[in-house]
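Colleague: Take a look at the letters that make up each chain.
There are 4 protein chains.
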Amino acid sequence: MFPSFTSFEEIADNYRAIFFDAFGVLKNSERVFEGVPQLMLALQDAGKEIFVVTNDSSKSPSRLAQAYVHPDRGPVVKSDRVISSGLLARDFLAHKVRKGWVAYLGTEASAYYIEAAGLSPVPVSELREEHAPKALVLLDDEGFDWFADINKAVNWVRRYNTPVVIANADLEYPKKDAEVGIAIGGVGKLMEHLLRKTFIRFGKPDPMMFSFAFRQLMHEHPDYSLRDVLMVGDTLETDIRGANAFGVDTALVLSGNTSAEQFEVAIRASGIIPDFVCESILT
Amino acid sequence: MFPSFTSFEEIADNYRAIFFDAFGVLKNSERVFEGVPQLMLALQDAGKEIFVVTNDSSKSPSRLAQAYVHPDRGPVVKSDRVISSGLLARDFLAHKVRKGWVAYLGTEASAYYIEAAGLSPVPVSELREEHAPKALVLLDDEGFDWFADINKAVNWVRRYNTPVVIANADLEYPKKDAEVGIAIGGVGKLMEHLLRKTFIRFGKPDPMMFSFAFRQLMHEHPDYSLRDVLMVGDTLETDIRGANAFGVDTALVLSGNTSAEQFEVAIRASGIIPDFVCESILT
Amino acid sequence: MFPSFTSFEEIADNYRAIFFDAFGVLKNSERVFEGVPQLMLALQDAGKEIFVVTNDSSKSPSRLAQAYVHPDRGPVVKSDRVISSGLLARDFLAHKVRKGWVAYLGTEASAYYIEAAGLSPVPVSELREEHAPKALVLLDDEGFDWFADINKAVNWVRRYNTPVVIANADLEYPKKDAEVGIAIGGVGKLMEHLLRKTFIRFGKPDPMMFSFAFRQLMHEHPDYSLRDVLMVGDTLETDIRGANAFGVDTALVLSGNTSAEQFEVAIRASGIIPDFVCESILT
Amino acid sequence: MFPSFTSFEEIADNYRAIFFDAFGVLKNSERVFEGVPQLMLALQDAGKEIFVVTNDSSKSPSRLAQAYVHPDRGPVVKSDRVISSGLLARDFLAHKVRKGWVAYLGTEASAYYIEAAGLSPVPVSELREEHAPKALVLLDDEGFDWFADINKAVNWVRRYNTPVVIANADLEYPKKDAEVGIAIGGVGKLMEHLLRKTFIRFGKPDPMMFSFAFRQLMHEHPDYSLRDVLMVGDTLETDIRGANAFGVDTALVLSGNTSAEQFEVAIRASGIIPDFVCESILT
Numbered sequence: 353m354f355p356s357f358t359s360f361e362e363i364a365d366n367y368r369a370i371f372f373d374a375f376g377v378l379k380n381s382e383r384v385f386e387g388v389p390q391l392m393l394a395l396q397d398a399g400k401e402i403f404v405v406t407n408d409s410s411k412s413p414s415r416l417a418q419a420y421v422h423p424d425r426g427p428v429v430k431s432d433r434v435i436s437s438g439l440l441a442r443d444f445l446a447h448k449v450r451k452g453w454v455a456y457l458g459t460e461a462s463a464y465y466i467e468a469a470g471l472s473p474v475p476v477s478e479l480r481e482e483h484a485p486k487a488l489v490l491l492d493d494e495g496f497d498w499f500a501d502i503n504k505a506v507n508w509v510r511r512y513n514t515p516v517v518i519a520n521a522d523l524e525y526p527k528k529d530a531e532v533g534i535a536i537g538g539v540g541k542l543m544e545h546l547l548r549k550t551f552i553r554f555g556k557p558d559p560m561m562f563s564f565a566f567r568q569l570m571h572e573h574p575d576y577s578l579r580d581v582l583m584v585g586d587t588l589e590t591d592i593r594g595a596n597a598f599g600v601d602t603a604l605v606l607s608g609n610t611s612a613e614q615f616e617v618a619i620r621a622s623g624i625i626p627d628f629v630c631e632s633i634l635t
Numbered sequence: 353m354f355p356s357f358t359s360f361e362e363i364a365d366n367y368r369a370i371f372f373d374a375f376g377v378l379k380n381s382e383r384v385f386e387g388v389p390q391l392m393l394a395l396q397d398a399g400k401e402i403f404v405v406t407n408d409s410s411k412s413p414s415r416l417a418q419a420y421v422h423p424d425r426g427p428v429v430k431s432d433r434v435i436s437s438g439l440l441a442r443d444f445l446a447h448k449v450r451k452g453w454v455a456y457l458g459t460e461a462s463a464y465y466i467e468a469a470g471l472s473p474v475p476v477s478e479l480r481e482e483h484a485p486k487a488l489v490l491l492d493d494e495g496f497d498w499f500a501d502i503n504k505a506v507n508w509v510r511r512y513n514t515p516v517v518i519a520n521a522d523l524e525y526p527k528k529d530a531e532v533g534i535a536i537g538g539v540g541k542l543m544e545h546l547l548r549k550t551f552i553r554f555g556k557p558d559p560m561m562f563s564f565a566f567r568q569l570m571h572e573h574p575d576y577s578l579r580d581v582l583m584v585g586d587t588l589e590t591d592i593r594g595a596n597a598f599g600v601d602t603a604l605v606l607s608g609n610t611s612a613e614q615f616e617v618a619i620r621a622s623g624i625i626p627d628f629v630c631e632s633i634l635t
Numbered sequence: 353m354f355p356s357f358t359s360f361e362e363i364a365d366n367y368r369a370i371f372f373d374a375f376g377v378l379k380n381s382e383r384v385f386e387g388v389p390q391l392m393l394a395l396q397d398a399g400k401e402i403f404v405v406t407n408d409s410s411k412s413p414s415r416l417a418q419a420y421v422h423p424d425r426g427p428v429v430k431s432d433r434v435i436s437s438g439l440l441a442r443d444f445l446a447h448k449v450r451k452g453w454v455a456y457l458g459t460e461a462s463a464y465y466i467e468a469a470g471l472s473p474v475p476v477s478e479l480r481e482e483h484a485p486k487a488l489v490l491l492d493d494e495g496f497d498w499f500a501d502i503n504k505a506v507n508w509v510r511r512y513n514t515p516v517v518i519a520n521a522d523l524e525y526p527k528k529d530a531e532v533g534i535a536i537g538g539v540g541k542l543m544e545h546l547l548r549k550t551f552i553r554f555g556k557p558d559p560m561m562f563s564f565a566f567r568q569l570m571h572e573h574p575d576y577s578l579r580d581v582l583m584v585g586d587t588l589e590t591d592i593r594g595a596n597a598f599g600v601d602t603a604l605v606l607s608g609n610t611s612a613e614q615f616e617v618a619i620r621a622s623g624i625i626p627d628f629v630c631e632s633i634l635t
Numbered sequence: 353m354f355p356s357f358t359s360f361e362e363i364a365d366n367y368r369a370i371f372f373d374a375f376g377v378l379k380n381s382e383r384v385f386e387g388v389p390q391l392m393l394a395l396q397d398a399g400k401e402i403f404v405v406t407n408d409s410s411k412s413p414s415r416l417a418q419a420y421v422h423p424d425r426g427p428v429v430k431s432d433r434v435i436s437s438g439l440l441a442r443d444f445l446a447h448k449v450r451k452g453w454v455a456y457l458g459t460e461a462s463a464y465y466i467e468a469a470g471l472s473p474v475p476v477s478e479l480r481e482e483h484a485p486k487a488l489v490l491l492d493d494e495g496f497d498w499f500a501d502i503n504k505a506v507n508w509v510r511r512y513n514t515p516v517v518i519a520n521a522d523l524e525y526p527k528k529d530a531e532v533g534i535a536i537g538g539v540g541k542l543m544e545h546l547l548r549k550t551f552i553r554f555g556k557p558d559p560m561m562f563s564f565a566f567r568q569l570m571h572e573h574p575d576y577s578l579r580d581v582l583m584v585g586d587t588l589e590t591d592i593r594g595a596n597a598f599g600v601d602t603a604l605v606l607s608g609n610t611s612a613e614q615f616e617v618a619i620r621a622s623g624i625i626p627d628f629v630c631e632s633i634l635t
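Residue numbers (this note's numbering), protein chains in the order written: chain C, 353 to 635; chain D, 353 to 635; chain H, 353 to 635; chain Y, 353 to 635.
If we strip away everything but chain C, and leave its shape as in the complex, we get (with noise of 0.2 Å):
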């Protein structure tokens, strides 16, 4: 069960289909990496399924999906291969709440996940007794004010009980210049150690991210089985945990989160062993 150092190219070659994760695998903050299109595409023409995995729900599948663009060759990903978190935040509020207002903390554009359940999106800030929500949802580490609206979010939960979904289970995410930002769910966090409760957390790690990418494939895949699936990450507690447990193989990548100097300590630490390691999907 430990990992051999392979390329990605030969490893790649014994699936059917691929699994990314988008932050530190395809991308990072600012843009998708290059040579990314076209390895995707090479990927696709060699008659791979590929999905990208990830807990970004900070905009619908549909604009995630834009960042993949080939120079020629056009958008080299479906909306429908895009597989966020946020989208099993809408199943659940299409499921369980059904209608009237849910408020938000993200920006507009994540407020999308809540149309998408045919629910009416209410930024905390504006929140009033009136709407009387019946969820509230944290999207987004962007388009809030910290001090003011997660002091009201704080106080309007212990006030009313009202179900707390986090639709973005990271703590923080990687930007440029190996700095972070807090992300969503690393606020959710504080929120529930402040509440004394655990909130609904929809993710990587949860092999459900994972379960729902997979039900596309098998949708028109019916004869594939998770020895098919090969999922890629750059890390070990969200992309590797999680498909490690949902029983699909597993490639640690050394591009994003996890370092080259330090991937050894960290498996070792973690105990969360990937199948694979390999620098980056591009060598």
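One thing to keep in mind: the hints can contain errors.
Not the full set, but computed from the structure, chain C residues with beta-carbon under 7 Å of chain D [what the hints assert, rightly or not]:
1. 439
2. 443
3. 447
4. 450
5. 459
6. 512
7. 515
8. 559
9. 599
10. 623
No wet-lab data here; the hints were simulated from the structure.
Note that the structure is a prediction, hence the values are computed from the model and not measured.
Here a beta-carbon is modelled for each residue, glycine too, at the ideal position from N, C-alpha and C.
Given the coordinates of chain C, assemble chains D, H and Y onto it according to the supplied hints.
Modeller: Frame of chain C, contents of chains D, H and Y only:
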């Protein structure tokens, strides 16, 4: 989203499939509640699919199913309708480990889940370096010497970084006279704490448990949707939280872990809100 | 060890020194409760020593003391009887840092505790590499831009491994109308979680707070023992837990965080048992 | 604030009092390190006060002191210079419980700390309702049946809400060949987790341990200040964190829990920064 207090019979009428937790709903640690086999038959006679969704990995599903017997009509639950967290552990081992020795804490009967994955179980007490186990699985709180074997297991994982799988996420289980037993998931917590690792953990509230049962249901009834399913449980933190997150309707019963005196406080404190509350499934 | 319900007057009679928590006992976030300065004078006139033991590090002890004023007889608490958690932070900085810049999150008034240690405070917003700060101190939840400065502080500690001191261990503080404010200790929890570190944390329930006050008491009254001291607080988790562990008698009042409806449940749930319970110090 | 690598002899020269951790500094689980009694004598001959500050509550201070014997000059540490966390537990029991039965998990020798508080110890295995114990104290990991007695203790606290005291905050202790033993503090963590309570916990890193030793020092040398004291320990999380927070200088030795290979990583990861690092106290 606030629960209404109703009779189980009335609620059940609106669903085509019912998932039951075992302990506190269908049985206690000593025996199946009186009237339960009759109710299970009646539901099936009325055309409903019933599943038992349990974190009990102390025996195989077929042995767990043997508990539910009607005095005249014999066994009332088929083995493939008992979804134990051990099955997810079994699939994980089958997909990720494939062959060799797997160490375990638990009774001999619980080792079934290792054998069912095509692997060779060895109890921690007999574990030697030559086994070079591919994983350690925590299956049951009985069948081993706590002091000797938990200490041995902790040191083994420290030295060899063996992956650890908890096949039963529960911290405790109800016994008679309002006593509890420390479940193997509680022992796992202690080991995680000492080793500063988070193990791979199977069982409710992980929505994968419900996904597993739902896939089985879909296999026979491809036209059923999440809306057709009701999960019935006695524990907010596992049964109701997990099924809420999976997106099916939920009924809390007050015949087990959650008492009539405390359920309102518990719902308010946890923020975990079932769709219905019933005294028991028999009233 | 179970609490008896009594009037504060009766209890106080048996002690030579009384330690009071501030928020919820003597005052709320807006003003000192009516009758409190009179009571403080009466206790002192009866020969009792009184101390205010508070996690409030938003201002210096002398400015905190200014809140307690009798209409006729003026200020009723001397500065050296106000023991704030900031004083422990001040001593820590004085002993362990000695000189140079110290960054902080909080208001300008809260930076008192850095200056009092003979060090130079710089707000996180103005922090530059040239400062090479010896420590970062979390002092107050106001006086800075949460989004910008918490993110900046997290990245600073990630990069430079600067020691972090939380000068107020509280997660939240009571505001009017049963609302709470997120305290700087709550912000510290978020930062600890993101950085996977445990910061140096001063304030109740740490028994050092009571030890600090007791040392001051012993200085003037070397013959007093722990048996002579009563701690009065409104919060089981901080006031009562800490004073119990320090070994002095404790009285819970129901005029703040803990309500008359919930105190029995809260004691049972937490296992933190005060020696006495009073409605307030004024009844 | 970054540690310099020096010989212990050189460092010790600058202090008038030295506090030593026991395990990993002066001894291992089998015996006192060769040369330690000689060093202790030499330090005392040079006019320095030495204390042993330990979380070991398995025996009384006088029995712990017996371990340090010079071949020619006999015992080298007086009983009152051994500060064990059990002493804080003893004082707590004496002040807060006063009389009656106190249940315990541990060996008979560890029950010393209950008797020294003037109370009557009863092992959990023999505990009956008639005892109506005032507290449960976790003293040592040996001397009881883990499965039977931990389960019994958990159910006892659930039913009677008996206050629980952990007299040794350590999660684990070093044994030979790089193995560890699960300490009673680890067992306490499991019980806290199951019962959703936080017990009263004595021992390093709680600064009260150092405060206790310092008070004893001040008794004989009222002119000494924190600046005169050096704490020497092998564990960042307990010895160094606690003494840093108490405000005395700290030296990390690499003869126990922290190895020469990992100490830099461990300091960076934890943010716990000793003033000095030495290979051992003997080099």
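Colleague: Each of the hints needs a verdict: does it hold here or not?
Modeller: Hint check:
1. 439: Violated, about 12 Å.
2. 443: holds, 6 Å
3. 447: Holds, about 4 Å.
4. 450: This hint is violated: residue 450 (chain C) lies away from chain D, its Cβ roughly 9 Å from the closest one there, beyond 7 Å.
5. 459: violated, 24 Å
6. 512: Violated, about 10 Å.
7. 515: holds, 6 Å
8. 559: holds, 5 Å
9. 599: holds, 4 Å
10. 623: holds, 5 Å
Comparing the model with each numbered hint stated earlier shows that hints 1, 4, 5 and 6 do not hold.
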